[in-house]
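Participant: These protein sequence lines map, in sequence, to chains A and B. Taken in order, the first sequence gives residues 15 to 245; the numbers are from the numbering used here. Taken in order, the second sequence gives residues -7 to 154; the numbers are from the numbering used here.
No lab work stands behind these hints, which were simulated from the structure alone. As the structure is a prediction and not an experimental result, all values here were calculated from the model. By construction, the Cβ of each residue, glycine as well, lies at the ideal position given by its N, Cα and C atoms. Incorrect hints may appear among the rest.
To be verified - In silico lysine-lysine, DSSO-like type, Cα no more than 27 Å apart, as pairs: (1) Lys17/B - Lys74/A; (2) Lys79/B - Lys68/A; (3) Lys19/A - Lys99/A; (4) Lys74/A - Lys99/A; (5) Lys202/A - Lys99/A; (6) Lys68/A - Lys17/B; (7) Lys19/A - Lys202/A; (8) Lys102/B - Lys78/B; (9) Lys94/B - Lys79/B; (10) Lys99/A - Lys17/B; (11) Lys99/A - Lys68/A; (12) Lys58/B - Lys42/B.
As the list claims (entries may be wrong) - Just so you have them, the derived chain B footprint on chain A, three or more residues with Cβ under 8 Å: (13) 38 to 48; (14) 103 to 109.
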Amino acid sequence: MEEFKEMLISELGTEQAFTIPICGGIPVYESVVVSWIIMAVLILAVLLLTHDLKVLNPGKLQCALEYAVSFLNDFTRDSIGPHWKPFAPYLGTVAVYIACANIIGIFGLTPPTKDLSVTTALALMSLCVIYGAQFRYRGFLGGWKQFAKPMPLLLPINLMEIVIRPLALCMRLFGNVLGAFIIMEMLKYLVPVILPAIFSLYFDLFDGLIQTVVFVFLTALFTGEGIRDED
Amino acid sequence: MLEFHLSTIVFTIINLLVLFFFFRKFLFGRVNAVLEERARLVQQELDEAKASNDQAKRLQQSCQEKLDHAHEEAGRILAQAQAQGKKEYEALLAAAQEDAHKVQRDAQNKLAAERETMLRDARQEMAQLALLAASQVARQRLDSESDRAVVQDFLKEAGEGV
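Modelling step: build the complete structure from the supplied sequences, incorporating the hints.
Facilitator: Structure, rendered in structure tokens:
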């Protein structure tokens, strides 16, 4: 048991894969390496899927791809409003990346989203998108004024949200993936056969996808909140 | 335990940006281009179908008009032809009747004239015959006024007898 506890605690951190020997050595952690693997697979898949798109008589794969992209476009339009267009590719990228990162545990690799640094980076990007869009579409003054809406009394809360929103995004994703990972490790320790496979379906697939949806949906919602009905 | 690694954060941000630009160009760019192209194509087909439909309707209308016009014209020509035919027929008939009448009249006139001539000839002949006969009877020339009157009377009686 003592040994298991130690193993769990060590799982909280991330292993360093290797060090790039420049600028005094840049450490590269396992999550970054797994991200690179995910990216390589995604890029290859995208190149394969989109190298022969047809306007007329699309194949089944292309139909599925078009359906997914249309769904993403509709979702972005619904949640962000008239200025949805530049945000759809970002939300799509984040969705695909997080989904792959969450369910890669099935293939025996450590999910990159189990690393707090990765989810922090994702949350920072969301922060930039949310408030960047607010200032981009409302102008410098209008962007600041947006913090005093719907009423000036809420100004402190809105300012606090700048920190709270990315923190919540980052911690939610990290916590869910880490929690699922720990539960799975415990299950594997207690019942090594059959049961982990069933629970893995829930924790890796279902919860992973749910967390993807939550992250992307919240990012879109906050972005839309900042720039919707500006005029 | 729980710790932030600046290198991981930076790497992840770079990863995401790379993935974002790649996806924007090769996934969303391409697929959206196809979707837009298809929407444009469908719209174009719809417009074309509408245009050709309109044209067909216009054509049909003009054809119908022409057909109606042709029917009208045909009726008019037929009526005209019938009227003309009737007129010509009547004219011919009238001419024929006229001819027939004329021929009949001529024949009658001729007959009457011939009869008249014959009668006159016969009368003269008879007068001479009578005169001759009378002179034979009387064995003398009958040339006095009274004789002549007698003959005339006789002839008159004879003519009435004839």
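Participant: Next, verify each hint and record whether it holds.
Facilitator: Against the structure, the hints come out as follows:
{"no.": "1", "hint": "Lys17/B - Lys74/A", "result": "holds, 22 Å"}
{"no.": "2", "hint": "Lys79/B - Lys68/A", "result": "violated, 77 Å"}
{"no.": "3", "hint": "Lys19/A - Lys99/A", "result": "violated, 48 Å"}
{"no.": "4", "hint": "Lys74/A - Lys99/A", "result": "holds, 26 Å"}
{"no.": "5", "hint": "Lys202/A - Lys99/A", "result": "violated, 45 Å"}
{"no.": "6", "hint": "Lys68/A - Lys17/B", "result": "holds, 17 Å"}
{"no.": "7", "hint": "Lys19/A - Lys202/A", "result": "holds, 14 Å"}
{"no.": "8", "hint": "Lys102/B - Lys78/B", "result": "violated, 36 Å"}
{"no.": "9", "hint": "Lys94/B - Lys79/B", "result": "holds, 22 Å"}
{"no.": "10", "hint": "Lys99/A - Lys17/B", "result": "holds, 14 Å"}
{"no.": "11", "hint": "Lys99/A - Lys68/A", "result": "holds, 23 Å"}
{"no.": "12", "hint": "Lys58/B - Lys42/B", "result": "holds, 24 Å"}
{"no.": "13", "hint": "38 to 48", "result": "holds (count 6)"}
{"no.": "14", "hint": "103 to 109", "result": "holds (count 5)"}
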